[in-house]
Amino acid sequence: MLLNRLLPTVLVSFTAFHGASAQDGTAMTKDELTALTANGVTLVLGGDGMGYKGELALAADGTAKGGAKMDNGNELSIAGTWAIKDGKFCRTWTDLDGGKEVCETWIKTSDNSVEVYNGDQMLGVNSC
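Take the sequence shown: its position 71, counting from 1, is numbered 81 in my numbering, and each next residue is one higher.
No lab work stands behind these hints: they were computed from the structure. All of these numbers come straight from a predicted model, not from anything done at the bench. Among the hints, a few may not be true.
Stated by the list, open to error - Here are the computed distance ranges between Cβ atoms for each label pair:
1. A93 / G129: 17 to 23 Å
2. D81 / N128: 20 to 26 Å
3. D96 / T119: 32 to 38 Å
As the list claims (entries may be wrong) - Taking lysine-lysine pairs in the DSSO-like style, the calculated list, with each CA pair at most 27 Å apart, reads:
4. K75 / K118
5. K40 / K75
6. K63 / K79
7. K110 / K98
8. K98 / K75
9. K110 / K63
10. K79 / K110
11. K79 / K118
12. K110 / K75
13. K40 / K98
14. K98 / K63
15. K75 / K63
16. K110 / K40
17. K95 / K118
18. K118 / K40
19. K95 / K75
20. K63 / K118
21. K110 / K95
22. K98 / K118
23. K95 / K40
24. K98 / K79
Even glycine gets a Cβ: it sits at the ideal position worked out from N, Cα and C.
Take these sequences, add in the hints, and give me the full structure.
Shown next, in the form of structure tokens:
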């Protein structure tokens with residue numbers, strides 16, 4: 011799998027579970043993000059201790075669909091579009107962030123996971 015070279019993540023603004031945090035890893039480059047997503051990829055969202063778990067399928071055509079379940083039982087549906095712009099993962103989720111585009115920096119934390127940031131605000135942790 012592409013995991014040995016690249017790190018995925020996307021996502022969803024789960025700022026209720028994560029505060030601002032220093033970015034200690036290396037940001038994925040435009041080339042890495044493009045290679046990771048070129049043929050589509052399914053991301054694992056969150057995980058143990060993160061406050062949510064889910065999956066998000068990024069299709070090669072720039073569409074996405076998935077969901078997550080919060081530890082409190084609430085479920086979140088994720089759908090919309092995405093693109094790589096200026097070395098960032100930019101996404102517009104239909105029912106999140108007021109339908110506005112959010113461009114994220116993906117910081118590698120291991121060979122198969124990243125932390126997702128909007129500026130200095132950590133939005134979540136994802137892997138594939």
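Here is what the structure says about each hint:
1. In this structure the supplied range 17 to 23 Å holds for A93 paired with G129, their Cβ-Cβ distance being about 19 Å.
2. A beta carbon spacing of about 22 Å between D81 and N128 agrees with the range 20 to 26 Å that was offered as a hint.
3. Separation of D96 from T119 is about 22 Å and departs from the stated range, judged on CB atoms against 32 to 38 Å.
4. Among the hinted pairs, K75 with K118 is consistent with the structure: their alpha-carbon atoms are about 23 Å apart, no more than 27 Å.
5. The straight-line distance between the Cα atoms of K40 and K75 is roughly 22 Å, inside the 27 Å bound, and the hint therefore holds.
6. Distance hint between K63 and K79 is fulfilled; the C-alpha atoms sit about 6 Å from each other, no more than 27 Å.
7. Between K110 and K98, the direct Cα distance comes to roughly 15 Å. Compliance with the 27 Å bound is thereby established for this hinted pair.
8. The suggested pairing of K98 with K75 holds, with an alpha-carbon distance near 19 Å, which does not exceed 27 Å.
9. Annotation: proposed proximity of K110 to K63 holds, straight-line Cα distance about 23 Å (limit 27 Å).
10. Between K79 and K110 the alpha-carbon distance is near 22 Å, which keeps this suggested pair within the 27 Å criterion.
11. Taking the CA atoms of K79 and K118, the gap is about 24 Å. The hint holds against a cut of 27 Å.
12. For the proposed pair K110 and K75, the alpha carbon gap of about 17 Å is at most 27 Å, so the pair holds.
13. The suggested pairing of K40 with K98 holds, with an alpha-carbon distance near 7 Å, which does not exceed 27 Å.
14. Proposed proximity of K98 and K63 is supported: the alpha carbons are some 23 Å apart, at most 27 Å.
15. Distance check on the hinted pair: K75 and K63 sit about 15 Å apart at the alpha-carbon level, within 27 Å; holds.
16. With a CA separation close to 21 Å, the supplied pair K110 and K40 stays within the 27 Å bound.
17. Taking the CA atoms of K95 and K118, the gap is about 18 Å. The hint holds against a cut of 27 Å.
18. Using a Cα cut-off of 27 Å, the hinted pair K118 and K40 holds, with the two alpha carbons roughly 13 Å apart.
19. Proximity of K95 to K75 is assessed by CA-CA distance (about 20 Å); at most 27 Å being required, the pair is judged to hold.
20. At most 27 Å may separate the alpha-carbon atoms for a hinted pair to count; K63 and K118 meet this at roughly 19 Å.
21. This hinted pair checks out: K110 and K95 have alpha carbons roughly 15 Å apart, not beyond 27 Å.
22. Between K98 and K118 the CA atoms are separated by roughly 13 Å; this keeps the pair inside 27 Å, and the hint holds.
23. For a cut-off of 27 Å, the pair hint linking K95 to K40 stands: about 8 Å separates their Cα positions.
24. Distance hint between K98 and K79 is fulfilled; the C-alpha atoms sit about 26 Å from each other, no more than 27 Å.
The structure fails hint 3 only (numbered hints given earlier).
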